[in-house]
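*Asks:* Below are the chains, spelled out letter by letter.
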Amino acid sequence: MAAIIGLICGVAIGLFVHPSIPVELQPYLPIMVVAAIDALIGAARSYFERSYSNKAFIFSFLSNVLLAALLVFLGNELGVGTQLSTAVLVVLGIRIFSNATAIRRFIFRN
Amino acid sequence: MSQQPGHSAPHGQHSSHRRVRTVRTVRPGQAREQDDRHDGIDTDNLETGSFPAIRADQKPQTGTKRGLSRAGLSEIFSGVLIALLCAGLGFGFVVQQRSVQSNYSALSENELVRLLDETNRQITQLESQRTTLSRQLTSIQKSADKQRQIQRVAKKNEEASGILSGRLPAQGKGVRVTITGKKHINAATLFNLIEELRNAGAEVIQFNSVRVVTSTYIVDIPTGVSCDGTALKQPYTFLAIGDPDALANAISIAGGVGSTLRVQYDAKVSVQKKDKIVISATAPVHAYSYATPVREDQ
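Chains as they are written, first to last, in our numbering: chain A, 88 to 197; chain B, 52 to 349.
Derived from the structure by calculation, the hints contain no laboratory data. Because the structure is a prediction, the values reported are computed rather than measured. Please note that the accuracy of each hint is not assured.
Unchecked claim - Reference listing, derived: stretches of chain A covered by chain B, where coverage requires no fewer than 3 residues with Cβ under 8 Å from a Cβ of chain B: (1) 89 to 97; (2) 108 to 116; (3) 119 to 127; (4) 132 to 144.
Note that the Cβ used here is the ideal one computed from N, Cα and C, for glycine as well.
Excised from the complex, chain A in its bound form (with noise of 0.2 Å):
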């Protein structure tokens, strides 16, 4: 429920304040959001195996977030900035689609 009225909220914030983000956070911002989003689809599906937790949400959100960016970071540093955000989207990707599946699963089970 939170989750929603902060996903509403934070998007309505967005489309009315128009901001723009500086130059030095343009390539983590996207890789950020991608893994945020995993760490949503992954939430959803502990909640549909009943092992959902609040604490474990926020930490695999915030880690998610962190280390995605870290790793854009790194690549940055090491100069496969692209190819290593690539890497990171595909992986963020595939565990997107893994956790949909199992959420799929329980919703046509029952």
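Based on the hints, put chain B in the right spot on chain A.
*Replies:* For chain B alone, coordinates are given in the frame of chain A:
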């Protein structure tokens, strides 16, 4: 709710856990954990029938002041945190989406070329528009200049004609002619004096209190003369603006109007050259009812 075998197993685990924990909820860390589980199991087990007993069992336990406040606080705290995180996610998503929309780095080469072409075309269009507009601007400025010049000329004309027609008071160098005599002075002689002043280049003339204009007339009346309907008596004073020397000469030249006055009328004529003559009398503006100016384009 028909549970799958693999699914029901964790259930049993949960409930047993909880039963153990409800006994010793006193430890804060555990209390929170227990509460975290609480939600899931509550919603989960509403229909099973076996769990309400546990809930009833548990409620008074969590109702103890310490457990409730801690658990409730951490619940609220984590809810707020989740809301904040999700708000950050939504915000980041929208921001990123917007920046992608306005960012050229995401476009392909073809698109960029097309965009460049479009921009170039737009530039050409805008430049031609600018040329047109600047041409318009110069023409408008020119016409405004002309208008201003016309206005200046008109103002000058207005002043000149105002002075000429006697509508405006005037001042400048000139002479003051005073005529004092016992005898009646003929209106024609006075008019002659005015004509002499005019010939000498007098620009503005005042006769006693009357502004002398083109239509001014002087007639004899028993008490003296009448100028433009105003009865005037001696001494007569003429104020004239113009070149003082020329005006003075015109009056006092040998055989001129000054000597005529002295000889014929035994009058005393004094001519004073002045640096500043103020002619404050004005003549009523004549309203033309028949004559209109001839326009060149007609």
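*Asks:* Check each numbered hint against the structure and report the violated ones by number, ascending.
*Replies:* none
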